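So the sequence lines, in the order shown, correspond to chains A and B.
If you're matching positions, the first sequence starts at 1 in the numbering used here and goes up one per residue.
If you're matching positions, the second sequence starts at 1 in the numbering used here and goes up one per residue.
Take the hints with a grain of salt, since some may be wrong.
In the DSS-like style, the derived pairs of lysine-lysine whose C-alpha atoms are separated by at most 30 Å in a straight line are [as the list claims (entries may be wrong)]:
(1) A/Lys151 - A/Lys166
(2) A/Lys151 - A/Lys60
(3) A/Lys195 - A/Lys226
(4) B/Lys219 - A/Lys15
(5) A/Lys2 - B/Lys82
(6) A/Lys2 - B/Lys141
(7) A/Lys2 - B/Lys123
(8) A/Lys166 - A/Lys60
(9) A/Lys2 - A/Lys15
(10) A/Lys82 - A/Lys151
(11) A/Lys125 - A/Lys60
No wet-lab data here; the hints were simulated from the structure.
Since we're looking at a predicted model, the values are computed, not measured.
The chain contents come next:
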Amino acid sequence: MKYLPLIWAALFRRKTRTILTVLSIIAAFLLFGMLDAVRTSFDQAGKSANGAERLQTGSKLSFIQTLPQSLEAAIGRVPGVKAVAYANWFGGAYQDPHNQIFSFAVSPNYLDLYPEVEVGAAARKSFAETRTGVLVGAQLARKYHWKVGDKLPLQSTIFPNHDGSKNWSFDIVGIMRPRDTGGRMFGQIILMHWKYFDDSTPYNSGTVGWYVSRVADVNQSDRIAKAIDAISANSDHETRTQTEQAATANWIKQFADIGLIVGSIMGAVFFTLMLLAGNTMMQAVRERTSELAVLKTIGFSNRSVLLMVLAESVLLLLIGGLVGLGLATVLLPVVSAGSGGALNLPPVDAGSWLLGVALMLGIGVLVGTLPALRAMRLNIVDALAGR
Amino acid sequence: MATLIDIHDLAKTYVRGRQKIEVLHNINLAVAAGEFLALMGPSGSGKTTLLNLIGGLDAPTAGSISVGGQRIDRLGGGALAKWRASTVGFVFQFYNLMPMLTAQRNVELPLLLTRLSSAQRRKNASIALQLVGLADRAGHKPGELSGGQQQRVAIARAIVSDPTLLVCDEPTGDLDRQSAAEVLGLLQQLNREHGKTVVVVTHDPKAAEYARQTLHLDKGTLVEQAAA
């Protein structure tokens, strides 16, 4: 600690250069905080205590292939399955094709399998009794100022109505609120009746997109999944059953490998940052050749000089990194709130902080090593003579 | 008086590319404790090299150097750094202060290597600054001080850890006549009143007049010895 004022003073010897470098580091770690939240958000999708009890059964060929509704009863008879529900993708847009809303046509018992979602008893009753009724997520309702009793016009991106148009009209009968982070997705989706959907569109005749089964014992999930898939083996609708987490991850991967995208962007950002911070440190040490020689002259060992330069480099990264990640922590909830539910980013969690601090220390050591070795190997006589 | 610096058959050769440059050869010298020695000679005569060897900044090619009975030519890098920290104070021609630190912090630098508390370090640095007459400039950075004042801060830094030996390389080379006289007077005071052994390299005969003994070097050999 007694060397800190010396290290601090050396770091800010060239204030403008150091401040510009710190700003770059802040920007890099702000981006890291934001993108890591996106990665975590996708990574966490489907991971919950309730989710662990659920299996998803979809077509083995593709997620756009449907399955016969008759499978419901067969799946329900598999030993270990406590309940079965089903759903279809609807894919609606509200007012403008850009306002895409995740909407699903679901079986009457669908919400029974999702205790992480809160829907009032009156709303459940109303939903059960209203053929055109929909339950909307609380965040969506807030964003579009919807309330119970409103008519909700939606345009399906795929399915035509009985009149041949893609315009559908629903009645909002209730609001869904997530009880915990596991049910977060329900704050941003719409659920409608599968029966109404199936009766109305000529594109669907008694088929479902996927089944959701709740198992009695999660340790039996593998066996149950195999038993479910065995029902349709060698048929024209072979199935693939997976845990909810695996199914969600596969579904997301159909769009993009978020981990790879985030990793690639951050790799490029941190590589650039290393060049920038490395250049700053190299220049800083080169400029201070005679000062470092003086330190050695008055008795600082080679090791102390090496450690001081490394500490300077780590401090540079820590100042920028902590501020950047701190900003991300503050800004993420603001951005999420400001998007009116369009972006539902989780806060920067302890894992992101740990990874961030490890990156700060790692990059600090990496960019400081070369200048620190140069400082350590400095020959006092040559340095004092300006050679 | 007891001998503080004892040099026998000292030689120093530098290798620059394929060329070998013999800077010092056959140097034999004994400097008593409490001495004020001036080393004079033309450029390239080996004065600074000899001073660097005495101060433990460089290693001889042959021969031996003992300071206070310690064979410093046999010490490794780490041990030599520790020895310098405890035994030698250095004063350079261009002061070599840390530009981003105040005079107080500059003087405290050698004390960072000791076990002294922060308060004790501050106190010792203040005493050293008081001794060189710059107590009122403790909060100033080198850029805010004149050349003479900067050199006095450098002297305070050199004496703050109470070394036995002060080695000074052209300490007045960058100063006007009046500042030079003040600095040399200060070194003389440290020698006479505080018993520091001082070895000064200088081109300036007027500076050498402050020393009790003057030695001349030419082409790497001691050629003349004169006592003041």
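Failing hints, ascending?
2, 4, 10, 11
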